[in-house]
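**Student:** The residues making up each chain are set out below.
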Amino acid sequence: MASFDEDIIKNIFCEVLGIPVEEVTDTLAYNSCAQWDSLKHLQMVAMFEERFGIEIDMDDIIAMENYGKVREILHKYLT
Amino acid sequence: MNFVDYLFENLQDQDKECILSRDGALTCRDLISQVDALAGDLADSLGRGKECLLLSENTPFFIIAYLAIIKSGNTALLVETQIADEQLASIFRECRIGAVFVQKKYRSKIPDAGTVFTEDHLPAPTPAKKYESPAVNDDDVAVVIFTSGSTGAKKGVMLTHRNLCANTGSIVQYLGLTKDDRICATLPFFYCYGASLLHTHLRAGGSIVLSNNIFLAGALRDINTFSCTGFAGVPSTYQILVNKTPFLREKLPTLRYMQQAGGQLPNKYIRQIAEAFPEKQFFVMYGATEATARMSYLPPALVLARLGSIGKGIPGVILEVFNENGDPVKPGETGEITARGNNIMKGYYRDPEGTQDVIKDGRLFTGDLATVDDDGYIFIIGRAKNIIKSGGYRISPNEIEEFICAFDGVVSCVVLGLPDDIMGEAVVAVVQPGDVPEASLKEKILTQCRQHLPSYKVPRSLYFVKEFPLNASDKVDKQAIAASLRSERQELKGAHENE
Numbered sequence: 001m002a003s004f005d006e007d008i009i010k011n012i013f014c015e016v017l018g019i020p021v022e023e024v025t026d027t028l029a030y031n032s033c034a035q036w037d038s039l040k041h042l043q044m045v046a047m048f049e050e051r052f053g054i055e056i057d058m059d060d061i062i063a064m065e066n067y068g069k070v071r072e073i074l075h076k077y078l079t
Numbered sequence: 001m002n003f004v005d006y007l008f009e010n011l012q013d014q015d016k017e018c019i020l021s022r023d024g025a026l027t028c029r030d031l032i033s034q035v036d037a038l039a040g041d042l043a044d045s046l047g048r049g050k051e052c053l054l055l056s057e058n059t060p061f062f063i064i065a066y067l068a069i070i071k072s073g074n075t076a077l078l079v080e081t082q083i084a085d086e087q088l089a090s091i092f093r094e095c096r097i098g099a100v101f102v103q104k105k106y107r108s109k110i111p112d113a114g115t116v117f118t119e120d121h122l123p124a125p126t127p128a129k130k131y132e133s134p135a136v137n138d139d140d141v142a143v144v145i146f147t148s149g150s151t152g153a154k155k156g157v158m159l160t161h162r163n164l165c166a167n168t169g170s171i172v173q174y175l176g177l178t179k180d181d182r183i184c185a186t187l188p189f190f191y192c193y194g195a196s197l198l199h200t201h202l203r204a205g206g207s208i209v210l211s212n213n214i215f216l217a218g219a220l221r222d223i224n225t226f227s228c229t230g231f232a233g234v235p236s237t238y239q240i241l242v243n244k245t246p247f248l249r250e251k252l253p254t255l256r257y258m259q260q261a262g263g264q265l266p267n268k269y270i271r272q273i274a275e276a277f278p279e280k281q282f283f284v285m286y287g288a289t290e291a292t293a294r295m296s297y298l299p300p301a302l303v304l305a306r307l308g309s310i311g312k313g314i315p316g317v318i319l320e321v322f323n324e325n326g327d328p329v330k331p332g333e334t335g336e337i338t339a340r341g342n343n344i345m346k347g348y349y350r351d352p353e354g355t356q357d358v359i360k361d362g363r364l365f366t367g368d369l370a371t372v373d374d375d376g377y378i379f380i381i382g383r384a385k386n387i388i389k390s391g392g393y394r395i396s397p398n399e400i401e402e403f404i405c406a407f408d409g410v411v412s413c414v415v416l417g418l419p420d421d422i423m424g425e426a427v428v429a430v431v432q433p434g435d436v437p438e439a440s441l442k443e444k445i446l447t448q449c450r451q452h453l454p455s456y457k458v459p460r461s462l463y464f465v466k467e468f469p470l471n472a473s474d475k476v477d478k479q480a481i482a483a484s485l486r487s488e489r490q491e492l493k494g495a496h497e498n499e
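Each protein sequence line maps, in turn, to chains Y and S.
Quick note: the first sequence uses our numbering, first residue 1, plus one each step.
Quick note: the second sequence uses our numbering, first residue 1, plus one each step.
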């Protein structure tokens, strides 16, 4: 298991959603971001799992509805 | 008959909640009053016979706008929410769009000129005076669905009021839908399969749960929360549920049946699902946008006995497999699936030649290759058309190939679909590189694809080859590439299992 690193999380968001890092803020949300669809969500989850060497629970995958929650949930797995 | 009048023709209970979601519910009365008010506004401002673009996820806004456009005698143009800007621009150039209905989330995709409506412009549900739809000809176009063709350009499939009424009635009949049915809808309404869920449940007097979840597992919760009786998915829906969620261990007590279409679900999944839920019906079905939605179904009682079959034609559709001479095939022989019926589209939008290629003497040639067994059950064995089906999307390889070939350092590129446990088929790119470092080229291509292509078109893997194998006619042999990639993956898998 790797250690928590917010830059890695942000980079994955930028890479998958194709948005600049300035836009990756706590308020960036699935409901309002046109680029963030359910397929990209699965893609990001797969990348978090691979980069951090973790397996994310189903309930957590559902709860990751905005960037703030994603960071909080990954922090829980990595500390 | 106007298709919207047909949908509500048998409505008995105006106060029934017909559209539900975690944000609230809409009764038939409220839905109809909003549709009527908006249809009246549209008729006043646009007249009829105009084209109205609709770009939205599954929301009450989509449903109200969609029904109002059709009811006012105008034509709804449906496009996917993840449509590339370039393709949307070409639709704006080619169509005579009178008004645009767009979900606020996607507002920035639409040019500012012209009449644009969002959720904020919907009329409130009031007992306004009923709007009587203008007389339409059954062969007037009600909907144009834009779908990926084999060349990469979007093809607009024109569906008439007759097409929609015929297919809806037929599906209601064979699924046995009643007012007690409630579907958990995860599939987008802008594609024919998703739209058929909306149509059939309104017609049957049932209800629709808008299950828009960040992850499909949320749909399992919705089925229980809303006591759904039906669920619909494409192959990747079921593959994600089986592989990534506790789906097969769920009880889902209210669920009466599940339906699957939109590509071939591998037999192992059909078997797993049928065995996990022996008391529920599992409908394997087959369709195409060009046939409004549905062409065949396999009766659920036969799902294991005729494993892998798409069944036979649905009521009102004559489905036949023809050999090269135009005769029905004998059992075991291969041919192309053809269909006749009132559900066959009027044609492709502004493409009479393309239409003539697929509809001959009123018969749709699907491009799908199949065989039949001794009892006439049809089994698909391949697609003649060059289309990848991934995550419920139809993807033309040409478009991705062109995108990748445009990079400096790429000599040539082939994109194909390989079987994938989650996506049905995974998009894979094979690149012949020039004199550049492979690692940096790979990163550059994938980064650009992620930024400029919809997520479902981004290659899952990218391989480099020195030369492409050629077939007898000196064309790149995609079959050979696919076969060698499949065997490579098999070896890799074997190696892991032996570790």
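Keep in mind the hints are simulated off the structure, nothing from the lab.
Keep in mind that the hints are not guaranteed to be accurate.
To be verified - What the simulated footprint calls covered on chain Y by chain S, stretch by stretch (three residues with Cβ under 8 angstroms from a Cβ of chain S suffice, anywhere in the stretch; the number is not a length):
1) 11-19
2) 65-78
Stated by the list, open to error - Straight-line alpha carbon distances no greater than 35 angstroms define the calculated DSBU-like cross-link-like pairs of lysine-lysine that follow:
3) Lys360/S - Lys69/Y
4) Lys346/S - Lys69/Y
5) Lys105/S - Lys76/Y
6) Lys389/S - Lys346/S
7) Lys76/Y - Lys346/S
8) Lys10/Y - Lys244/S
9) Lys16/S - Lys50/S
10) Lys478/S - Lys360/S
11) Lys346/S - Lys130/S
12) Lys69/Y - Lys104/S
No experiment lies behind these values; they were computed from the predicted model shown.
No residue lacks a Cβ here, since even glycine has one placed at the ideal position from N, Cα and C.
**Student:** Would you list, in rising numerical order, the hints stated earlier that this structure does not obey?
**Tutor:** Those not satisfied are hints 2, 3, 4 and 7.
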